[in-house]
Amino acid sequence: MTKEQQSAPTVFRLSGVNCAGCINKIETAVKAVAGVTDARVNLSDKILSVYGPAEAESCIEAVRGAGYGAELLRSSEREQRAEQREQTQRHYRQQLWRSAFALGVGVPMMAWGLITDKVSVNTPVEQLAWGVMGLITLAVLVFCGGNFFSGAWKALRHHNATMDTLVALGTGTAWLFSMIVVLVPHLLPEAARHVYFEASAMIIGLISLGQALEIRARGRTSAAVEKLLELQDTSARVLRDGREVDLPIEQVQQGDQLRVRPGEKIPVDGTVLEGRSLVDESMLTGEPVPVKKAEGDSLAAGTLNKNGSLLFRADKVGSDTRLAQIIEMVKNAQSSRVPIARLADKISGIFVPVVMIIALVAALVWFNLGPDPRVAHMLVVLTSVLIIACPCALGLATPMSVMVGVGKGAEYGVLVRNGKALQQSCTLDVLVVDKTGTLTEGSPRLTDIDSDGDSDELLRLVASLEQGSEHPLAEAIVTAAHEKNLELQSPANFEAITAHGVSGDIGGSRVLLGNTKLMQKEAISLDVWNERAATLAAAGRTVMYAAVDGKLRGIIAVADPIRADAQAAIERLSKLGLRIEMLTGDNHGSAEAVARQLGIDRVHAELLPEDKEGIVAELQKKASEWVWWVTGLTMPRPWRGPMWALR
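Add 237 to the 1-based position in the sequence shown for our numbering, that's all there is to it.
Keep in mind that the hints are not guaranteed to be accurate.
Taking lysine-lysine and the DSBU-like style, the derived pairs with C-alpha atoms no more than 30 Å apart in a straight line are [claimed, not checked]:
id: 1; residue 1: 553; residue 2: 529
id: 2; residue 1: 758; residue 2: 788
id: 3; residue 1: 529; residue 2: 502
For the record, the hints were derived by calculation from the structure and aren't laboratory data.
All values reported here derive from a predicted model rather than from experimental measurement.
Please construct the entire structure, taking both the sequences and the accompanying hints into account.
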């Protein structure tokens with residue numbers, strides 16, 4: 238991708254775009270505009286993204302010259318998505334209504350023909366009956382298929398032939414021929430007095446239904462972008478002239494100083510100037526434990542500030558933030574097309590004129606060589622060829638299958654970065670798997686509690702001590718106590734000892750909970766529990782010692798449990814011949830413990846997002862095909878290779 242393409246594109250909303258065949262015409266027309274380095278159409282949202290220093294008006298004129306409409310989008314990304322969602326729902330309901338009406342007319346006529354085999358005009362009664370059905374079918378063509386005829390007319394004016402052309406020709410010719418049969422049946426031989434009203438209605442109904450299903454599939458894919466947009470804040474608290482002012486996120490400028498309070502999302506990428514806090518970066522790293530932030534540390538847009546107030550400088554805003562780049566990556570997944578789809582686009586481009594030529598050749602052959610009445614037989618053959626070719630499975634099935642595949646994946650949290658990866662997924666060599674949230678549940682839970690007495694009483698004491706803490710390990714202990722319906726008390730003289738643990742008074746007893754350093758500081762012997770603690774640590778647990786009134790009472794272990802379906806999934810993937818490697822930001826002990834339990838041989842631990850990209854790049858050089866499967870959105874910038882991402 239060029240530097241120009243990496244910059245923010247100029248975005249247009251398209252109108253009149255109905256199928257994959259339209260995309261190539263629009264992109265070709267816009268790429269011919271001076272200053273355009275690349276142009277991409279997102280069929281899902283009917284959005285055109287133009288890269289390069291081209292004039293917006295020139296791009297709009299190029300789109301109009303191709304027979305479609307375009308308007309420049311000036312609203313915010315969130316407003317665009319809301320408007321697109323409303324338009325998509327309206328279009329979906331409209332297509333469903335069209336399909337229901339058309340099929341409601343076509344199915345009974347087709348059933349009548351199959352049951353009675355009476356679909357010809359031989360008597361005045363049949364002439365009247367089919368005349369009424371012809372008028373009803375005309376209503377179907379006008380109200381349900383009018384968009385096909387208007388699209389065909391636009392294409393004709395611009396000397397193009399599209400899928401709309403074929404649909405309009407097929408259904409229109411079938412209806413017109415059938416009305417000729419109804420009005421002047423005596424001009425045709427008895428064997429040629431067949432009416433095709435049901436074909437016209439069924440074609441309109443089925444294609445409308447296919448488009449409705451395609452719209453719904455696009456909506457599933459768009460839902461992935463919607464979830465990412467929810468991570469973005471709509472406003473930011475900016476320091477202007479010594480005062481804190483709430484401004485729309487679009488008005489934040491690079492270099493601005495911003496304030497973020499506990500429980501608020503970080504609005505833009507930046508660097509901490511003042512304050513200390515814990516920040517939940519799980520949406521980026523997939524790791525559930527919040528990260529300590531102090532002066533000089535970096536912040537990422539979309540992450541959650543947990544418990545402190547931070548003053549920070551905006552370093553990257555708008556489309557330059559890491560979250561914005563990830564959103565752009567997902568949007569590009571919708572506009573990228575697999576190689577087979579590009580082939581289908583090329584074939585679709587020549588399919589319509591080829592079908593028209595075949596229909597004309599067949600008609601001329603019957604007119605010159607066929608039996609009398611030649612005109613009647615010529616019309617029958619012409620109509621038959623157009624009807625048979627009309628629903629062009631190639632033009633519908635290819636984009637439909639891609640959209641359904643991508644959409645179904647998005648429904649389960651799988652984001653496909655590049656369309657080529659979707660087609661080549663059957664030839665993968667290496668599966669790179671993140672740990673947290675993919676192989677594990679993604680949040681710490683109390684897994685073990687060993688005590689020299691009543692385990693529930695020990696849990697009640699330490700949970701009472703931890704209930705005021707926002708640390709995920711503390712939350713896991715408190716949650717376990719609540720699940721057992723234990724009655725907690727408020728601690729007195731609570732103290733959080735940095736890098737050691739916590740202490741406080743519960744019901745007159747002095748309670749300590751922490752690591753080895755805390756116990757050594759308080760001169761509490763660990764000999765009794767050392768072996769058990771080592772066993773739990775080797776299994777990937779985070780071990781904490783609990784002491785009451787100066788005596789060690791037991792140990793508590795917290796871990797991110799392995800998902801119930803992880804073992805079966807890894808076994809199935811291994812049987813497919815995939816080499817599985819784990820990438821995680823977690824420590825070596827936890828990562829290797831999970832890998833041992835699941836049978837994963839290669840582990841890369843304590844990695845930053847940038848480190849993960851480097852490892853994947855190296856794997857890409859060595860392996861013919863690969864896939865990256867992650868839980869968080871851990872990309873430091875949009876990846877340029879094929880990628881799958883599981884959130």
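Quick rundown of the hints versus the structure:
no.	hint	verdict
1	553 with 529	21 Å, holds
2	758 with 788	13 Å, holds
3	529 with 502	15 Å, holds
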